[in-house]
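Note that the protein sequences, when read in sequence, are chains Z and S.
Going by the numbering used here, the first residue of the first sequence is number 4, and it counts up by one from there.
Going by the numbering used here, the first residue of the second sequence is number 4, and it counts up by one from there.
What the hints contain is simulated information worked out from the structure, not anything from laboratory work.
Note that the Cβ used here is the ideal one computed from N, Cα and C, for glycine as well.
Heads up, some of the hints might be wrong.
[Said to hold, decoys possible] Derived, one-sided and incomplete: chain Z residues facing chain S with beta-carbon distance under 10 Å:
hint, residue
1, Trp-160
2, Leu-214
3, Glu-279
4, Leu-291
[As the list claims (entries may be wrong)] No more than 25 Å apart at the CA atoms, straight line, and that leaves these computed lysine to aspartate or glutamate pairs for DMTMM-like:
hint, chain 1, residue 1, chain 2, residue 2
5, Z, Lys-276, Z, Asp-208
6, S, Lys-276, S, Asp-266
7, Z, Lys-276, Z, Asp-290
8, Z, Lys-276, S, Asp-248
9, Z, Lys-276, S, Glu-251
10, S, Lys-276, S, Asp-208
11, Z, Lys-276, Z, Asp-266
12, S, Lys-276, Z, Glu-251
13, S, Lys-276, Z, Asp-266
2 protein chains.
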Amino acid sequence: MGDGGIAIVGAGLVGIGWAIVFARAGLTVRVHDRDADRLTAVPDLMRRSLDDLHDAGLIDDPDAVIARVSCHADLGDAAGDVDYIQESVLERVEVKRELYERLDTVLADHTIVGSSSSGIPASAFTEGLGIAPRCLVAHPVNPPYLARIVEVVPAPWTLPETVEAVHALMHRVDQHPIRVNRELEGFVLNRLQGALLREAWALYDEGYCSLADLDATVSEGLGLRWSFMGPFETIDLNAPGGIADYAERLGGLYLSVARDRTDPQPWSADLIKRVEAERRQTLPAQDLGARGAWRDRRLMALAAHRRTQDV
Amino acid sequence: MGDGGIAIVGAGLVGIGWAIVFARAGLTVRVHDRDADRLTAVPDLMRRSLDDLHDAGLIDDPDAVIARVSCHADLGDAAGDVDYIQESVLERVEVKRELYERLDTVLADHTIVGSSSSGIPASAFTEGLGIAPRCLVAHPVNPPYLARIVEVVPAPWTLPETVEAVHALMHRVDQHPIRVNRELEGFVLNRLQGALLREAWALYDEGYCSLADLDATVSEGLGLRWSFMGPFETIDLNAPGGIADYAERLGGLYLSVARDRTDPQPWSADLIKRVEAERRQTLPAQDLGARGAWRDRRLMALAAHRRTQDV
């Protein structure tokens with residue numbers, strides 16, 4: 004990609020997070036949203052997150068970052084001539100399809116489009132469009148300026164050079180792109196999260212453990228190692244002979260445990276109600292916002308900590 | 004529990020880790036192992052870990068910790084009069100059963116025994132013994148002086164006051180005990196780990212992702228939040244209306260994904276071989292030990308970081 008700049012289409016929390024990622028890396032960012040109020044709010048919302056990042060020692064100059072960002076009420080004005088668009092509109096297939104049809108009429112020939120879609124594959128909203136070979140999913144974790152992972156998922160008709168260009172761009176802006184070789188429901192991150200959640204909901208439902216104790220099993224146990232190495236490296240280092248040795252020792256246990264879970268159950272209304280009631284005793288609904296701010300401070304402090312560590 | 008002190012039976016890595024936990028908290032620790040060479044090595048092995056903890060700013064005085072630990076070749080001499088025994092012998096049911104039969108003949112009436120068993124329930128090796136009501140599983144993560152979680156799992160015949168006493172002791176020595184209300188295969192921690200691993204192995208086997216990218220999805224994504232809050236708190240903060248709102252939005256996706264996994268497969272020999280080969284390209288076998296030392300340094304640095312954060 005050249006230096007034609009970046010456009011963000013959709014200025015919700017995810018879009019604003021992406022604007023920070025690209026502008027922090029020195030790129031010019033043009034933001035569009037069809038909701039004028041939302042567009043007007045972009046500088047103030049960015050400023051709040053950038054000040055927090057500055058306080059955490061993660062960026063030097065919030066003003067310089069904001070100075071690279073402009074807001075545009077017209078889609079063609081924002082996106083017509085950029086190298087890359089990070090599409091971050093509502094997670095509904097008809098909303099995305101309508102936007103991609105408009106993009107098809109206004110984009111330059113070289114522009115690539117990555118969707119922040121967290122579950123809908125690109126094939127569901129790009130089929131038959133001229134821009135389809137230059138579209139894919141680039142799914143972040145929220146907020147992307149603190150969690151670097153980006154799932155890059157091509158549609159069947161996405162060009163290989165589109166995939167490579169998005170990988171190069173993500174590396175350039177200090178994100179961590181992963182290659183998902185073909186489309187699948189939930190992509191990779193939410194499938195891994197869903198698998199752990201499924202077991203956690205079942206253990207709660209069956210009365211083995213409280214929610215707080217299930218949470219602590221991760222936050223005081225499994226999650227410590229997983230915050231700097233993944234599940235395969237973890238088990239590779241958990242048996243003297245490495246991962247094959249580990250599989251030999253524990254594969255049978257894990258298979259036996261998996262056989263308890265061959266009948267997927269929905270999270271029933273009754274179960275959700277019980278879980279909600281127990282959570283609200285720990286965290287009243289009116290404190291959710293403050294706790295979310297605490298989570299972001301913890302993520303920032305963790306990011307600052309990780310910078311001091313060797314990999 | 005009074006101040007009769009602690010005995011560690013089994014001086015492998017897990018037992019030595021426990022000796023550090025209890026002695027660091029100011030308790031007197033008596034270590035026994037039937038292998039004389041292993042027993043002789045205890046002070047040096049403790050010293051190595053304690054020096055690392057000191058370098059990381061996690062303890063003040065390694066000498067004072069070691070001074071609280073004594074080694075005993077005779078089981079009765081080590082364990083005969085203590086308040087609590089942390090049993091940390093080999094994870095084989097016949098080894099544990101033989102030890103518990105011996106403990107039954109030498110223990111004082113008040114002594115409680117917690118087993119470090121990572122998978123075998125206490126009912127499998129305490130049935131019919133006089134000490135059975137005072138026995139349970141107290142399963143740590145390795146090393147317990149860096150990961151605080153302890154799964155406390157009673158057998159059907161374990162007395163409620165035994166459970167309460169072990170909880171109180173674990174809190175006293177700054178561990179984080181969780182209540183597992185009844186025995187189940189794999190307990191809670193390894194069931195959660197196994198569920199995530201199962202999906203990860205399947206995604207690798209089906210060609211969606213490399214091992215390194217699956218690892219990064221956790222270490223640069225999911226694992227960041229999970230290092231300071233668990234999976235339920237994570238999703239409670241991931242939808243504006245809390246966990247019920249999240250369940251409403253994503254429950255259907257997770258159910259659909261779970262329906263892909265109704266046929267548990269063993270980690271086949273061919274799959275293990277491919278995974279092992281790919282891991283060894285990233286980390287040659289001869290570097291496993293050094294990487295394990297790196298992991299421990301990272302865990303120590305993370306523990307020091309977490310001490311600076313509010314909960």
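Hints versus structure:
1. Taking 10 Å as the C-beta cut-off, the interface hint given for Trp-160/Z is violated, the closest approach to chain S being about 18 Å.
2. With 10 Å as the threshold, the beta carbon of Leu-214/Z comes within range of chain S, its nearest partner Cβ sitting at about 5 Å, so the hint holds.
3. Against a cut-off of 10 Å between C-beta atoms, the interface hint on Glu-279/Z holds, since the closest Cβ of chain S lies about 4 Å away.
4. Checking Leu-291/Z against chain S: minimum C-beta separation of about 6 Å stays under 10 Å; hint holds.
5. Among the hinted pairs, Lys-276/Z with Asp-208/Z is consistent with the structure: their alpha-carbon atoms are about 11 Å apart, no more than 25 Å.
6. Distance check on the hinted pair: Lys-276/S and Asp-266/S sit about 21 Å apart at the alpha-carbon level, within 25 Å; holds.
7. Taken as a hint, the Lys-276/Z and Asp-290/Z pair is honoured in the structure, with Cα atoms around 19 Å apart against an allowance of 25 Å.
8. Taken as a hint, the Lys-276/Z and Asp-248/S pair is honoured in the structure, with Cα atoms around 11 Å apart against an allowance of 25 Å.
9. Annotation: proposed proximity of Lys-276/Z to Glu-251/S holds, straight-line Cα distance about 11 Å (limit 25 Å).
10. Distance check on the hinted pair: Lys-276/S and Asp-208/S sit about 11 Å apart at the alpha-carbon level, within 25 Å; holds.
11. Straight-line distance between C-alpha atoms of Lys-276/Z and Asp-266/Z comes to about 21 Å, which keeps the hinted pair within the 25 Å bound.
12. A hinted pair counts as satisfied when its Cα atoms are at most 25 Å apart, and Lys-276/S with Glu-251/Z qualifies at roughly 11 Å.
13. With a C-alpha separation of about 29 Å, the suggested pairing of Lys-276/S with Asp-266/Z is violated against the 25 Å cut-off.
Checked against the numbered hints above, the structure breaks hints 1 and 13 and satisfies the rest.
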